[in-house]
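**Q** Sequence lines, in order, name chains A and B.
Position 563 of the first sequence, counting from 1, maps to 563 under UniProt numbering, and the rest follow consecutively.
Position 180 of the second sequence, counting from 1, maps to 180 under UniProt numbering, and the rest follow consecutively.
Quick caveat, the hints were computed from the structure, so don't treat them as lab data.
Keep in mind that the hints are not guaranteed to be accurate.
For chains that are exact copies, the list does not tell them apart, and a pair is met inside one copy or across any two.
[Claimed, not checked] In the DSS-like style, the derived pairs of lysine-lysine whose C-alpha atoms are separated by at most 30 Å in a straight line are:
1) Lys-566 / Lys-356
2) Lys-338 / Lys-407
3) Lys-317 / Lys-122
4) Lys-110 / Lys-132
5) Lys-319 / Lys-122
6) Lys-439 / Lys-562
7) Lys-562 / Lys-110
8) Lys-16 / Lys-190
9) Lys-111 / Lys-317
As the structure is a computational prediction, the values presented were derived from the model and not from experiment.
Letter by letter, the chains look like this.
Number of protein chains: 2
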Amino acid sequence: MTDQITLGRYLFEKIKEAGVNSVFGVPGDFNLALLDHIKEVENLRWVGNANELNAGYEADGYSRINGFSCIITTFGVGELSAINAIAGSYAEHIPLIHIVGMPSILAEEKKLLLHHTLGDSKFDDFIQMSEKVSGKLKVLTNLESAPKIINDLIETSILTKRPVYLGFPSNFSDSLIPSSTINNLKLNLKFSQNIKTDEDEFVENIINLIQISKNPIILVDACASRHAVTDQVNQLAKITKFPVFTTPMGKSSFNEDSDEYYGIYVGELSSPDVKELVESTDCILSIGGLLSDFNTGSFSYSYTTNNVVEFHSNYCKFKRATYENLKMNGALINLVSKLLNLNLNFENKFKPPPSKFDYQSAKICPTGPLTQDYMWKKLSYFLKENDIIVTETGTSSFGILSTHFPKNVKAISQVLWGSIGFSLPAAVGAGFAADDLKKFDPNHPERRVILFIGDGSLQLTVQAISDACRWNIKPYIFVLNNNGYTIEKLIHGPTESYNNIQPWNHQIILDLFANKASYESLTVKTCKELDDLYNCEKFNNPDKIRLIELMLDEFDAPETLKLQAKLSDKINSA
Amino acid sequence: MTDQITLGRYLFEKIKEAGVNSVFGVPGDFNLALLDHIKEVENLRWVGNANELNAGYEADGYSRINGFSCIITTFGVGELSAINAIAGSYAEHIPLIHIVGMPSILAEEKKLLLHHTLGDSKFDDFIQMSEKVSGKLKVLTNLESAPKIINDLIETSILTKRPVYLGFPSNFSDSLIPSSTINNLKLNLKFSQNIKTDEDEFVENIINLIQISKNPIILVDACASRHAVTDQVNQLAKITKFPVFTTPMGKSSFNEDSDEYYGIYVGELSSPDVKELVESTDCILSIGGLLSDFNTGSFSYSYTTNNVVEFHSNYCKFKRATYENLKMNGALINLVSKLLNLNLNFENKFKPPPSKFDYQSAKICPTGPLTQDYMWKKLSYFLKENDIIVTETGTSSFGILSTHFPKNVKAISQVLWGSIGFSLPAAVGAGFAADDLKKFDPNHPERRVILFIGDGSLQLTVQAISDACRWNIKPYIFVLNNNGYTIEKLIHGPTESYNNIQPWNHQIILDLFANKASYESLTVKTCKELDDLYNCEKFNNPDKIRLIELMLDEFDAPETLKLQAKLSDKINSA
Numbered sequence: 001m002t003d004q005i006t007l008g009r010y011l012f013e014k015i016k017e018a019g020v021n022s023v024f025g026v027p028g029d030f031n032l033a034l035l036d037h038i039k040e041v042e043n044l045r046w047v048g049n050a051n052e053l054n055a056g057y058e059a060d061g062y063s064r065i066n067g068f069s070c071i072i073t074t075f076g077v078g079e080l081s082a083i084n085a086i087a088g089s090y091a092e093h094i095p096l097i098h099i100v101g102m103p104s105i106l107a108e109e110k111k112l113l114l115h116h117t118l119g120d121s122k123f124d125d126f127i128q129m130s131e132k133v134s135g136k137l138k139v140l141t142n143l144e145s146a147p148k149i150i151n152d153l154i155e156t157s158i159l160t161k162r163p164v165y166l167g168f169p170s171n172f173s174d175s176l177i178p179s180s181t182i183n184n185l186k187l188n189l190k191f192s193q194n195i196k197t198d199e200d201e202f203v204e205n206i207i208n209l210i211q212i213s214k215n216p217i218i219l220v221d222a223c224a225s226r227h228a229v230t231d232q233v234n235q236l237a238k239i240t241k242f243p244v245f246t247t248p249m250g251k252s253s254f255n256e257d258s259d260e261y262y263g264i265y266v267g268e269l270s271s272p273d274v275k276e277l278v279e280s281t282d283c284i285l286s287i288g289g290l291l292s293d294f295n296t297g298s299f300s301y302s303y304t305t306n307n308v309v310e311f312h313s314n315y316c317k318f319k320r321a322t323y324e325n326l327k328m329n330g331a332l333i334n335l336v337s338k339l340l341n342l343n344l345n346f347e348n349k350f351k352p353p354p355s356k357f358d359y360q361s362a363k364i365c366p367t368g369p370l371t372q373d374y375m376w377k378k379l380s381y382f383l384k385e386n387d388i389i390v391t392e393t394g395t396s397s398f399g400i401l402s403t404h405f406p407k408n409v410k411a412i413s414q415v416l417w418g419s420i421g422f423s424l425p426a427a428v429g430a431g432f433a434a435d436d437l438k439k440f441d442p443n444h445p446e447r448r449v450i451l452f453i454g455d456g457s458l459q460l461t462v463q464a465i466s467d468a469c470r471w472n473i474k475p476y477i478f479v480l481n482n483n484g485y486t487i488e489k490l491i492h493g494p495t496e497s498y499n500n501i502q503p504w505n506h507q508i509i510l511d512l513f514a515n516k517a518s519y520e521s522l523t524v525k526t527c528k529e530l531d532d533l534y535n536c537e538k539f540n541n542p543d544k545i546r547l548i549e550l551m552l553d554e555f556d557a558p559e560t561l562k563l564q565a566k567l568s569d570k571i572n573s574a
Numbered sequence: 001m002t003d004q005i006t007l008g009r010y011l012f013e014k015i016k017e018a019g020v021n022s023v024f025g026v027p028g029d030f031n032l033a034l035l036d037h038i039k040e041v042e043n044l045r046w047v048g049n050a051n052e053l054n055a056g057y058e059a060d061g062y063s064r065i066n067g068f069s070c071i072i073t074t075f076g077v078g079e080l081s082a083i084n085a086i087a088g089s090y091a092e093h094i095p096l097i098h099i100v101g102m103p104s105i106l107a108e109e110k111k112l113l114l115h116h117t118l119g120d121s122k123f124d125d126f127i128q129m130s131e132k133v134s135g136k137l138k139v140l141t142n143l144e145s146a147p148k149i150i151n152d153l154i155e156t157s158i159l160t161k162r163p164v165y166l167g168f169p170s171n172f173s174d175s176l177i178p179s180s181t182i183n184n185l186k187l188n189l190k191f192s193q194n195i196k197t198d199e200d201e202f203v204e205n206i207i208n209l210i211q212i213s214k215n216p217i218i219l220v221d222a223c224a225s226r227h228a229v230t231d232q233v234n235q236l237a238k239i240t241k242f243p244v245f246t247t248p249m250g251k252s253s254f255n256e257d258s259d260e261y262y263g264i265y266v267g268e269l270s271s272p273d274v275k276e277l278v279e280s281t282d283c284i285l286s287i288g289g290l291l292s293d294f295n296t297g298s299f300s301y302s303y304t305t306n307n308v309v310e311f312h313s314n315y316c317k318f319k320r321a322t323y324e325n326l327k328m329n330g331a332l333i334n335l336v337s338k339l340l341n342l343n344l345n346f347e348n349k350f351k352p353p354p355s356k357f358d359y360q361s362a363k364i365c366p367t368g369p370l371t372q373d374y375m376w377k378k379l380s381y382f383l384k385e386n387d388i389i390v391t392e393t394g395t396s397s398f399g400i401l402s403t404h405f406p407k408n409v410k411a412i413s414q415v416l417w418g419s420i421g422f423s424l425p426a427a428v429g430a431g432f433a434a435d436d437l438k439k440f441d442p443n444h445p446e447r448r449v450i451l452f453i454g455d456g457s458l459q460l461t462v463q464a465i466s467d468a469c470r471w472n473i474k475p476y477i478f479v480l481n482n483n484g485y486t487i488e489k490l491i492h493g494p495t496e497s498y499n500n501i502q503p504w505n506h507q508i509i510l511d512l513f514a515n516k517a518s519y520e521s522l523t524v525k526t527c528k529e530l531d532d533l534y535n536c537e538k539f540n541n542p543d544k545i546r547l548i549e550l551m552l553d554e555f556d557a558p559e560t561l562k563l564q565a566k567l568s569d570k571i572n573s574a
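One chain only, chain A, in its complex shape (with noise of 0.2 Å):
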């Protein structure tokens, strides 16, 4: 029986083999027989949540970092619970596996009213539920079929970067299988070359364009770094020396120490020395655009240039033409490829905007209590190369556009679903993702998992910190206490009951959590005492957890929100 393995190890085999170490989720009953499997393969960890939604955060975060991830829940209960985070993944192209541990062949055959059921006997309610929100989506029925489902749904997430949906019935954990399946069924994670007369056409409209153009710009967005072209566009800018932007989306793709880089523009939230430059160019590359309102200002792009192309993962345009099916990987290698050899001589123009250096003016560290405006602008201090910075949607998310990044520092924040509540698991997902990079690899850097998070938002999900402890994952939590939903407030409603909240006492939360782990609670006050702990030399030292509660006015908020605010209020009533 030594040539054979059972079908839950062949499916941990492969999630390893798709460089996940970390498997999050809820034991549940209908997954409990597949969970015992996971220890079969090495180096892989069950984390065990405290809930779902929050595994399924968690496995978004460690996917940001990691390239993918994998959360098994239960039937129903477990599966609904987890949705909103899947759905979240899915708008915001996360790549990702999500086993539903479900009741066994015969039991939907028999039609049993089973508890986690709507009551009605049928299995397939929630399945048709996490169709929206998965990029595929396959139940096992047979044995012989199922490692090569297991197979292209892995596969499919990869490369499409989205989350998929695997149906897993009990009665199959333990069935077997010729043990060689895993070597005959390897993964096939390259992606499909492009149709070579289309891609040269695209290239080379492109070239011929930006010859001609006076003052070409690049806008990187969300879907460079989702898809991996980040290596690209930098190449792209070190050639051709244009200018380069980002969207709030897209910060943390592109060098911000490099010359090339001028700033982000958000529409009419830009600075307006980056909005004119934009508005005034006469040639656009745009890589991985998403214009969602948060992204754009409230869609309040208004460059006037017609020549624009867009680099998208599963299609191009130039101008007003589609290229159908162009991925915008092979595209940009193609484009960078041609350009070297063309070596043509492009020249650095301009200067980068003053806005660039504006976080310098927190050099200086201002008397009174902590502002919004100090302490994002001093956070580019505490910054270090490789750190992971996680932002939840809120004052945070818009606020780190004025902190300036170094070299190889990773953002993140869920800007397009914007879902409250998640960017500390996020953030506790991230640094699964860090500790296991580190764990099975001596060369790579140590990062740190530094999150924004307001008092509000961590109301929702506060039991990932519960996660984090058990595992001694060390983010830093920096919980700004602004009494309330300040971005509602500002939104709608500044004095309405409906925008507050309960308060908590925040410097007991480790010591509800922690457990015997290290860890660390304090409070900031003025900008005077966030400055002497960016400069204490243990606190930068990420070797405990620790939550940093940062006191702020209820009104205090970043310009940029303040403004996005009134805009979304009027397309609501609108």
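Could you slot chain B onto chain A? The hints should help.
**A** Chain B only, in chain A's frame:
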């Protein structure tokens, strides 16, 4: 303009008319304008929950006491976070309205790429997901039809005992309609009458059957209380003197102090004397049956009689014959009335089985560590008339079957849907209902809310305690500290690490959430300590929120649960 009101106000006037005084939910920018109007309705409070899943569970618990409830979430992120709770309400026949604040009609027409969308400019994905778990679902599209749609949804929910979904585009919140609509469109909450000839024939058949039967019994299940026929069942038992058994989901639907109450029937898992009585009967009147696995000892009912009469909310059955659309409510009223007129002389031929009095063994307090056996039986003496007892799926929902209930005790447990973490917010929601009922009716008795939840389940929804503290709701929270998911350990993998949890310092939970509310945290390690606590007068007075940690052995569990666990594992692996 005084003869006009906003549609937002109209909605909340109707919510209030349906008997709701507390509205659950979380604010989000697409529902803020709607929330403005809650305060315009007298005695309607916005609870403001820490997260949406808890809001959904609290609404469910509120409805189980109050008869109807309301939860408000925001588009996409909010509604999907709550959807598991709504699915539970659907499965378990709990009426409530889920109001979702949606983007404005104009934003939808323009296909704007708003935040909280999947990035595809589609606005109906989430509606289709909710359709599976809603008795009825409507999205407002124009002002004229809106008031009637609102009424129809509330009426449908209350009459069919299912959750309904109302999509409320943000732009309608302030739209004006005539004030007179409030009085002109009153809710119609009367059941439609059964077809008289059907009902009469069904009732005549029953009367003939029970007169020729030797030992008929009444079996009371979940839908008896859900569809509010417990008074009729009590009358029926008083007249006929037939022995009454309840299922696990039917427990608390019948006065356990009455002579007719004989115990709980759970198939194989029943006490042998109960099993003997039920399975040797020659006629069963089954009221509101819901034959799920955990409610039937994994489908191990084994009575032999074919003389079964089934009463359901939307049909009835006499032996093999179905009466479509015949509602049990009318049928039971008719049956009771005819029996009273006939004045038949039913005799009580049997004596209650000895197992009915098992709980009395707890009068003697054993020495040594606290045990599940003692705990559940002793609880019979702590409970008082009108108490609300909430138990989590797991050792608690099985343990409570050993507890004897005083009159008018109401039991809440999610036996069919079985979502772990449900019971804590459900208890808080029930607490809000008890608070509202007492506040607005001085004659209403004070009802204590008593929760039993495991340490594993508590972790999923712990922030519901914050919601309670915010409004001074004062449940007794008994936390069974048995070091992880004991129910899962019994089903599968007793020593597997995936059934363990991060240990929490339960004694400081209330310090975190309670702020200035009055509270108390306690620990109980021995039977004697529990006995002393129950005998303490101060402890009996529900004047503060209390968390009582019960230290229990990891594998101590009610016998019924141990048996059920084995049956479940067998079904899952078949």
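**Q** Measure nothing new, just compare the shortest in-copy and cross-copy C-alpha distances for Lys-439 and Lys-562 to 30 Å and report within, between, both or neither.
**A** neither (42 Å within a copy, 41 Å between copies)
**Q** If the cut is 30 Å between Cα atoms, do Lys-319 and Lys-122 qualify within a copy, between copies, both or neither?
**A** For Lys-319 and Lys-122, only the inter-copy Cα distance (25 Å) is at most 30 Å; the intra-copy one is 50 Å.
**Q** How do Lys-338 and Lys-407 come out at 30 Å by Cα distance, when the copy is not named: within, between, both, or neither?
**A** within (27 Å within a copy, 85 Å between copies)
**Q** Which holds for Lys-16 with Lys-190 at a C-alpha limit of 30 Å: within a copy, between copies, both or neither?
**A** Answer is within: at 17 Å inside a copy they meet the 30 Å cutoff, but 59 Å across does not.
**Q** When Cα atoms must be at most 30 Å apart, do Lys-111 and Lys-317 count as within-copy, between-copy, both, or neither?
**A** between (50 Å within a copy, 20 Å between copies)
**Q** Should Lys-566 paired with Lys-356 be assigned to within, between, both, or neither, using CA atoms and 30 Å as the limit?
**A** Intra 25 Å, inter 65 Å, cutoff 30 Å: intra-copy only.
**Q** Please sort Lys-562 with Lys-110 into within, between, both or neither, judging by C-alpha distance up to 30 Å.
**A** Between copies only: 24 Å across chains, 58 Å inside a chain, cut-off 30 Å.
**Q** For Lys-110 and Lys-132, with the copy left unspecified, which applies at a CA distance of at most 30 Å: within, between, both, or neither?
**A** Both: 28 Å inside a chain and 22 Å across chains, each within 30 Å.
**Q** Is it within, between, both or neither when you check Lys-317 against Lys-122 at 30 Å Cα-Cα?
**A** So Lys-317 and Lys-122 pass the 30 Å test across copies only (22 Å; inside, 45 Å).
Comparing the model with each numbered hint stated earlier shows that hint 6 is the single one that does not hold.
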